[in-house]
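**Q** Sequence:
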Amino acid sequence: MMPPKKQHIIPKEQAVFWMDKDGAWHNEHGKLEHPKIINYFNQSIQKDDQGYFLCQTINDVEEKVYFTYEETAVFVLDLVKKEAGIELILNIPDTIALEPEALYIKADALFMETEAHLVKFTQKALARMTPFLKETPQGLSLDVGGTQTVLRET
Numbered sequence: 001m002m003p004p005k006k007q008h009i010i011p012k013e014q015a016v017f018w019m020d021k022d023g024a025w026h027n028e029h030g031k032l033e034h035p036k037i038i039n040y041f042n043q044s045i046q047k048d049d050q051g052y053f054l055c056q057t058i059n060d061v062e063e064k065v066y067f068t069y070e071e072t073a074v075f076v077l078d079l080v081k082k083e084a085g086i087e088l089i090l091n092i093p094d095t096i097a098l099e100p101e102a103l104y105i106k107a108d109a110l111f112m113e114t115e116a117h118l119v120k121f122t123q124k125a126l127a128r129m130t131p132f133l134k135e136t137p138q139g140l141s142l143d144v145g146g147t148q149t150v151l152r153e154t
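Letter by letter, the sequence shown follows residues 1 to 154 of our numbering.
The hints are simulated quantities; they were obtained by calculation from the structure and are not laboratory data. Wrong hints could be hidden among the right ones.
Each pair of labels, with its calculated beta carbon distance range [said to hold, decoys possible]:
#, residue 1, residue 2, range
1, A102, N59, 40 to 46 Å
2, T72, Q14, 20 to 26 Å
3, E101, T130, 15 to 21 Å
Using 16 Å as the maximum straight-line C-alpha spacing, the simulated EDC-like pairs for lysine to aspartate or glutamate come out as follows [as the list claims (entries may be wrong)]:
#, residue 1, residue 2
4, K106, D22
5, K12, E99
6, K64, D78
7, K124, D108
8, K47, E71
9, K106, E71
10, K64, D49
11, K81, E99
12, K47, E115
13, K134, E115
Heads up, the beta-carbon is just placed ideally off N, CA and C, and yes, glycines get one too.
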């Protein structure tokens, strides 16, 4: 049996980076711009009972860096129409099915509450949703496969 990995845990108060309400990464010098760094950060996001953190292993030491974020750390970057519905491409290494009844609007932003995460749609993903959105007397609704779901507002 292998011995357990050593862990180095950095609390969010000591992290030198954070995520804003739009899913952009920042450090003390401003917004991170390098796509490879942004992708590496996003693909390293994990969650436990302490919150969201970036995880990497260096020389047999697992480093967990908890970070500050606004609203959520999980974002819909894009979507793909499938026969069975809509698949959401996330900033973390995962995709999930769109659950129309779990959608809601808050402060002009679209969110979806799942069992694991609160997911926020980026502006690009929201723009890609427009063919499925309709204004109705009951409010904005989502039309997927002939089924309309009125989006609740909070």
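**Q** Are the hints correct? Go through all of them and say.
**A** Tested hints:
1. A102 x N59: 40 to 46 Å: Between A102 and N59, where Cβ atoms are some 41 Å apart, the hint holds.
2. T72 x Q14: 20 to 26 Å: Between T72 and Q14, where Cβ atoms are some 22 Å apart, the hint holds.
3. E101 x T130: 15 to 21 Å: holds, 20 Å
4. K106 x D22: holds, 14 Å
5. K12 x E99: violated, 31 Å
6. K64 x D78: violated, 27 Å
7. K124 x D108: Distance of about 14 Å is within 16 Å: holds.
8. K47 x E71: holds, 15 Å
9. K106 x E71: holds, 11 Å
10. K64 x D49: holds, 13 Å
11. K81 x E99: holds, 13 Å
12. K47 x E115: holds, 13 Å
13. K134 x E115: violated, 27 Å
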